[in-house]
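First to last, the protein sequences are chains A and B.
Per the numbering used here, the first sequence starts with residue 1, numbered consecutively.
Per the numbering used here, the second sequence starts with residue 1001, numbered consecutively.
By construction, these hints were calculated from the structure, which means they are not laboratory data.
It should be emphasised that the depicted structure is a prediction, and the values quoted were computed from it without experimental measurement.
Think of the CB as a built atom: it goes at the ideal place given N, C-alpha and C, for glycine as much as any other residue.
Treat each hint with caution, since some may be false.
DSBU-like cross-link-like pairs, simulated, lysine-lysine; straight-line CA separation at most 30 Å [unchecked claim]:
1. 262(A) to 284(A)
2. 1176(B) to 1142(B)
3. 1172(B) to 1141(B)
4. 1065(B) to 284(A)
5. 1065(B) to 1019(B)
6. 7(A) to 1142(B)
7. 1172(B) to 7(A)
8. 1176(B) to 1065(B)
9. 1019(B) to 284(A)
10. 1172(B) to 1142(B)
11. 1176(B) to 1141(B)
12. 1172(B) to 1065(B)
13. 7(A) to 1176(B)
14. 7(A) to 1019(B)
Derived contacts from chain A toward chain B, CB cut-off under 7 Å, selection only [unchecked claim]:
15. 6
16. 7
17. 13
18. 17
19. 20
20. 24
21. 28
22. 31
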Amino acid sequence: MNERILKQALHHLAEQAIPADVDPWPAVRVRLTASSIQAKQRELTKNAFSMRTQRIRLATGIILALLAMMAFFLATPQGRALANKLLHYFVSAHELSFPIPTQWVTDAAQYIEPTIAPTAYITVEAVTQPSVEVTVQGKLVETSPTLMRQIQESETDLGFQIKVLPPHQAQLVVEDLILDPILMTVYIVYTNPYGVEVGLRQGIGEFPPENERWQEVPESAILPAQVGEYPAEFVRGMFAGTPDSEALSWWADAPFLRLRWKEGDRWFEISRTGHPEMSPPLEKEDLIVLAEHLVIASLGNGEATISGAPVELDAIKEQAAFEIRIPTQLPGDFFFRYAQYDDQAQCVVLVYSTEPRDGARGFLVIFETPQGDTNRVYGVGKIISIPIGEATGQYIVGYNTGEPSPYRPAERMTWQEDNITIEIFHFASVILGYNNRLGEDGMLEIAESMR
Amino acid sequence: VDSDRTCTEIEQQAIASLKRGNLDGLEVLVRRYYHQAVRAAYLIVHDRPMAEDLVQTIFLNLNEKIGQFDVNRSFRPWFMRSVVNAAINAAVQNEHWISLDVEISEVSQITLAENLIDPGPSPEEAIETEEVRHAVWQALKKLTPNQRAVVILRYYLGLSEAEMAEELNSTKSSIKWWMRAARERLQRLLYLVVSPDLPPSQGLRRSKHLKQERGHE
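Please put together the full structure from these sequences, using the hints given.
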């Protein structure tokens, strides 16, 4: 055998299959971020208490830092000059607190009920179709050509190519696509089973004016950033109110991040919210990495780009290698959204949700993990033991506080059966527009229907 | 030489930076070794997405593993060892190979030989053809992952037997044995096409012989 020929053939085969014309760093960097998120998630699950303490410390630190910054900005001419220089993309709020507008009160009353009791219990009812039908119905979701067509049509209306998140980002899937033909903007909302919501807003020209005061941000909260070669601005926090307050105040450590930047005549905003109990905190750098890796949906593998997750239960069944349990009882207005196989946690995830109401959705997410224990502990709440067949289940509500809260309506039922840990989470998207609760009886009905 | 020295210095700085927990160093190493690593892994696992995935995973874990790296040694063989080991494990798990203990059946040899034989061109011309590459590709598939790995380390990455023994945590005699077994297997699968020592007529005769055998079956 001639070694030279073998070497040449090997080199040719390898170079033909793996051309060196693509920069590998962005792909690795994206995975690095995802891996860092997962590491944070693992850390969070292992150290729920310690993380909470750290968060409180971090929040305190941020507040102190913000106060110091604010003092600097307001007290010195250099600070004022720098603040003026920073303000560019966000609309600045002149006060850290303002009265809740009168017209909001009526609207908000249904969301911000000044009581720890849930505003409404919802009931469970039998799924009208057999499970298989539910599965088929559940295929609707993100990979449907409808969304791709919607993007292409929107591009025609807007006159620019729409960018989307790169594929396979922390299990995010497209939740909604909203086109504003007046402001000429498009807003794509992504969610994942861990209660994370990422919004990507984009348009052409200047950033649109804010039409609500709560969308403004204090000058001191705006931090300079860089998205690739483009200057950007980052903000953590939001204006929010407590149930009994008459004003909205700046909540500096709210789990709400925003990043704005411009690329030529195009502007972009990525926002990220998440349930502190269920999703790890993200940092400015994580948003920047996302921002730097947006892709044009209508080019290349658009389907993969806009889905980011397998949606067919049949495919999940092959990966799972165990019998997946599907509920035959669900709350009345919930429907199957999609299924995923989480490689990291090696579990099956079934996602059900309501249609959005006033911008908020209810989510019912079921995790099925073989091999017994799972470390998926997102916080400590009030625990009620409930028999589920031969097993003892735990119903948990009121994360971190021990009491149900209209701000934290998440509830969870978990039990083990046939060496599989099953967890049902019921929670709302972070906007306070959904405050229903199933209660232990409702969760038990769903659990029983999976046996 | 200056360029090489600069590259080495940049690499050393990147490693030192990574050892301090600064991920900026990773970017340098990714840009320098990614494609070669993916190609080596691909030649072992025969699956591009899998090769990319395992190389990316190794880079992601480099942050934790870099502490074990001795800066007095060369980074490339140390890193490629991780890649090759991961590729071997992936290939074993996927069973995209035929065990060394299971001989290729006569029928499959005939089929393969038929695919490999092209009585026309000389070896120099043959290397230009897709058939040769196809033959090498098919032959690689017939090797065990370990055999495949030594072939890639030796003939693609250009490591010496001593370096291979060191990087694969194996004895030199084991490497020699793997190399010998791999060479023999490759020779059996490839000589009809690519051996410059074998006259085309002999290859053709062999082909006819195999075809006759097949005809009798």
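Here is what the structure says about each hint:
1. A threshold of 30 Å between alpha carbons decides the hint, and for residue 262(A) with residue 284(A) the separation of about 17 Å falls inside it, so the pair holds.
2. With a C-alpha separation of about 19 Å, the suggested pairing of residue 1176(B) with residue 1142(B) holds against the 30 Å cut-off.
3. Between residue 1172(B) and residue 1141(B), the direct Cα distance comes to roughly 24 Å. Compliance with the 30 Å bound is thereby established for this hinted pair.
4. Taken as a hint, the residue 1065(B) and residue 284(A) pair is honoured in the structure, with Cα atoms around 27 Å apart against an allowance of 30 Å.
5. Distance check on the hinted pair: residue 1065(B) and residue 1019(B) sit about 9 Å apart at the alpha-carbon level, within 30 Å; holds.
6. Straight-line distance between C-alpha atoms of residue 7(A) and residue 1142(B) comes to about 18 Å, which keeps the hinted pair within the 30 Å bound.
7. The straight-line distance between the Cα atoms of residue 1172(B) and residue 7(A) is roughly 22 Å, inside the 30 Å bound, and the hint therefore holds.
8. Between residue 1176(B) and residue 1065(B), the direct Cα distance comes to roughly 29 Å. Compliance with the 30 Å bound is thereby established for this hinted pair.
9. Distance restraint check for residue 1019(B) and residue 284(A): the Cα-Cα separation of roughly 24 Å lies within the 30 Å cut-off, and the hinted pair is therefore satisfied.
10. Simply put, residue 1172(B) and residue 1142(B) have alpha-carbon atoms about 24 Å apart, close enough for the 30 Å limit, and the pair holds.
11. With a CA separation close to 20 Å, the supplied pair residue 1176(B) and residue 1141(B) stays within the 30 Å bound.
12. This hinted pair checks out: residue 1172(B) and residue 1065(B) have alpha carbons roughly 25 Å apart, not beyond 30 Å.
13. Between residue 7(A) and residue 1176(B) the CA atoms are separated by roughly 18 Å; this keeps the pair inside 30 Å, and the hint holds.
14. Distance check on the hinted pair: residue 7(A) and residue 1019(B) sit about 35 Å apart at the alpha-carbon level, beyond 30 Å; violated.
15. Proximity of residue 6(A) to chain B holds as hinted, the smallest CB-CB distance being about 5 Å (cut-off 7 Å).
16. Using the Cβ-Cβ criterion of 7 Å, the hint placing residue 7(A) at the interface with chain B is satisfied: the shortest such distance is roughly 5 Å.
17. For the restraint placing residue 13(A) at the interface with chain B, the shortest Cβ-Cβ distance is roughly 5 Å, inside the 7 Å limit, so the hint holds.
18. With a least beta-carbon distance of about 6 Å to chain B, the hint placing residue 17(A) at the interface is held under the 7 Å criterion.
19. With a least beta-carbon distance of about 4 Å to chain B, the hint placing residue 20(A) at the interface is held under the 7 Å criterion.
20. Proximity of residue 24(A) to chain B holds as hinted, the smallest CB-CB distance being about 4 Å (cut-off 7 Å).
21. Because the smallest distance between the Cβ of residue 28(A) and any Cβ of chain B comes to about 5 Å, under 7 Å, the interface hint for this residue holds.
22. Look at residue 31(A): its Cβ gets to within about 5 Å of chain B, closer than 7 Å, so that hint holds up.
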